[in-house]
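Chains as they are written, first to last, in this note's numbering: chain A, 158 to 480; chain B, 158 to 480; chain C, 158 to 480.
Careful: at least some of the hints might be erroneous.
Remember, identical chains collapse to one label, so a pair may be satisfied in a single copy or spanning two.
[Unchecked claim] Listed below are the simulated DSS-like cross-link pairs for lysine-lysine, each with C-alpha atoms no more than 27 Å apart in a straight line:
id: 1; residue 1: K352; residue 2: K445
id: 2; residue 1: K249; residue 2: K454
id: 3; residue 1: K217; residue 2: K228
id: 4; residue 1: K241; residue 2: K197
id: 5; residue 1: K478; residue 2: K445
id: 6; residue 1: K268; residue 2: K241
id: 7; residue 1: K167; residue 2: K471
id: 8; residue 1: K268; residue 2: K294
Hints are computed from structural coordinates only; laboratory data are not their basis.
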Amino acid sequence: MGKNIFFEQKGPFLLNEILENINPKQNILISDIKSLNEAKNSDITFFESINYINFAKSTKAVCCLTTDKLKIHLPNTCKAIIVKNVLFELCKVTRKFYPNADIDSLDTTLKEPIKLNYPKVSFGNNIFVGNNCKIGKNTILGNNSIIEHDVVIGENCVIGSQVVIKNTIIGNNVVIQDGCKIGLKGFGFIPIKEKNLRFPHIGKLLIKDNVELGSNCTIDRGSIDDTVIGKNTFLDNQVHVAHNVKIGDNCMIAGQVGIAGSSVIGDNVSIGGQAGISGHLRIGNNVKIAGGSGVVKNIPDRTVVMGYPAVPLKEFIKNSKKK
Amino acid sequence: MGKNIFFEQKGPFLLNEILENINPKQNILISDIKSLNEAKNSDITFFESINYINFAKSTKAVCCLTTDKLKIHLPNTCKAIIVKNVLFELCKVTRKFYPNADIDSLDTTLKEPIKLNYPKVSFGNNIFVGNNCKIGKNTILGNNSIIEHDVVIGENCVIGSQVVIKNTIIGNNVVIQDGCKIGLKGFGFIPIKEKNLRFPHIGKLLIKDNVELGSNCTIDRGSIDDTVIGKNTFLDNQVHVAHNVKIGDNCMIAGQVGIAGSSVIGDNVSIGGQAGISGHLRIGNNVKIAGGSGVVKNIPDRTVVMGYPAVPLKEFIKNSKKK
Amino acid sequence: MGKNIFFEQKGPFLLNEILENINPKQNILISDIKSLNEAKNSDITFFESINYINFAKSTKAVCCLTTDKLKIHLPNTCKAIIVKNVLFELCKVTRKFYPNADIDSLDTTLKEPIKLNYPKVSFGNNIFVGNNCKIGKNTILGNNSIIEHDVVIGENCVIGSQVVIKNTIIGNNVVIQDGCKIGLKGFGFIPIKEKNLRFPHIGKLLIKDNVELGSNCTIDRGSIDDTVIGKNTFLDNQVHVAHNVKIGDNCMIAGQVGIAGSSVIGDNVSIGGQAGISGHLRIGNNVKIAGGSGVVKNIPDRTVVMGYPAVPLKEFIKNSKKK
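Modelling step: build the complete structure from the supplied sequences, incorporating the hints.
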């Protein structure tokens, strides 16, 4: 089943229904909008940056929003639809398929949980749970927390107080401390004077086994793709993880770190307090990023970096001595 | 009506009632304490920094707390009251007029909203609303949120869960995500050993139409003036905006940015993640501030800056090459 | 009474019960695990860094987890137990004495407060208070806040809404603004592939008289020692204070500052917005740290520092001119 479990999906649509102003000649039936590597042969996709060339080459999508420059990388099976602003058209197409995913409105299915439906789950005071949630045995939920519809929480988890969880699938043995707000829509929109056009966020947040989130963290769900926190990765307090970020396994992320949208962090990465990582970067495995660093470039495996902009540690020390 | 809608106001007072230790010779009746440009001809004001010289020259206030050095800039209609420490005297005068604005005490008027009083408003679970609030039609409020007395929220707004709103006036089509705490008193006090003297915060927070605040943001109300977020300005998660800050229209402010007290940001400004802006600065229109930058000086219109301290981009790149 | 008021304590244990794999020859009865300077003559302690040499020399503990290199600094009354990884063995020993302090589970004693038990205390809506809490007269608690078992709050305090307080002892005249999460376990664990081993947090958080915390701050309790915020110290919004940090009196800490674990800050220190302080440092009295700085070394009394890494102000200015 490719159906989105969290958001109401419209369609299928004929291509010229979803791209009225572009008026594509071929008229095919489109099931869904997906990223290059997730799309099936009845889906539309998008290709807006050369960074994603490998996914483009092997996409199964039937058609693709892209630019004149990038279209040559698409396979023959995928019809290129040339547009001026890929993200703007993508935004409009996504809103057509998912009209309610651009703002996090009230979950009207929230109710006090009927404890019989959640055997061996402990509930604190004043908790509200939405429809179709699954909560595993021996999981504990704190006070005043909100678990919205269709959220899945595994076994042996400890969810703190004053937490909000939406559009999220959580593994086993996960600890989420007080005040975290996770699975919310991210900071994505087409800037338009007077009234920005919000990008729908139809992705999920996946939190794997043994993860820990410190207090008051914010982790946004994905826009088209998912946001992922890998197994046994621990986050300290007040960490911000933006939409579509993928963090590997066994990472240690200290307090007040911020990771901008769509960056991919490898396994066994440690990030010191208050470091920032720009968007759309690839951080390798076994990387160490010193506290306070500002990372603006990809980092290869097994590198130690420091500084703003962050450079390999040796270079940082050499530069400091020159001063 | 110049009356403060959020705070109980005492007075009018005779000048020597409010400045007993200074014993001003002239004894005039004073209605209120206001900033240089807001004061009417029965108000007292204050002038403590040459930055505000233009407002000083045209103030309508009847008298002004200031220093011997600055007094020459005041118009003849405004009597200068020379003091050693303008902010300390201002603090005491403000506390006289507004004895309950230095600490955010419990709003004892909070009640579960009577839905008939708020037609076409959707309420989540466990919401409390204070006296005299106005909430526009088609506005949605999440769960466990607190809307304190006299707050105004426009139409078509979406307020998330676990939000606190006090001393705030919100326009239409505003989105405030989960966990935001807005309109609280700011970080203002006269440092005194053993027991600091808190500065009253008698200003409001004004949030204009089409604004969006990400999750867990904190925006303090003004101390004497108001804090303002302009139309169609979007803030990402965990942004901190201090008291008296004024942000223009159509700005984009990424995650974990901090803006210190009384700074003024123009229109169409974009600020990258984790950037910090010092207090009392003027950032022009169409400025771009790179993520992680630390801004310590005014920035003219249409400038791109980066670094700590932030400098124009060209200069930053040149300096980096020298290393 | 040396008993831990917040956590269930097991024992006493024979030394070879708690260090089975090490099999110490002498077999003495051990009452508790304590830091070098807190341990009594029936306690085990640990000594893992030369920074703590002075405490080591005068410890009263009967035995001490340490390394071959460090053992010479212990007094004759204290038996050295040589281990490869002091923190790993410490973690296991602490878990033996305190099996429930590694994860903040649900406080099942939380109830709506019976107001007769708390004379002259004002409660907002929907507050839950645990067993054995003490709340002083004229203290005010906001809405949706959680005060867990055994917490002590002094007189004339103002606690905001959506606050969580656990394992904390608070003095008089303290203000804690909305959204703070304090006394939670910190970011401490032994990294182990697949499943990190969490360090128990058996320390408290002590907040002295006249302290103020801004909104959405996070302050973790101590792991073995306590976390301490000194008298009349004010924190702005979104400040993060890690486990075991000790902050002196009369400090001013601006928005979004982060202080990493076990650092000690003197009296009268001011820290500008977004500055970060690494772990295990000593910051002297009357130090000023500029906003955005990254402090990675100890700072002597009466020093003004700036930069990343932070250096004395004169040096920072000299370096800037060289560019």
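Against the structure, the hints come out as follows:
1. K352 to K445: Between copies only: 20 Å across, 41 Å inside.
2. K249 to K454: Classified as neither: same-chain Cα gap 30 Å, cross-chain 40 Å, threshold 27 Å.
3. K217 to K228: within (14 Å within a copy, 65 Å between copies)
4. K241 to K197: within (25 Å within a copy, 54 Å between copies)
5. K478 to K445: Both, since 22 Å and 24 Å are each at most 27 Å.
6. K268 to K241: Answer is neither; intra-copy 46 Å and inter-copy 52 Å both fail.
7. K167 to K471: neither (54 Å within a copy, 48 Å between copies)
8. K268 to K294: Both: 20 Å inside a copy, 24 Å across copies.
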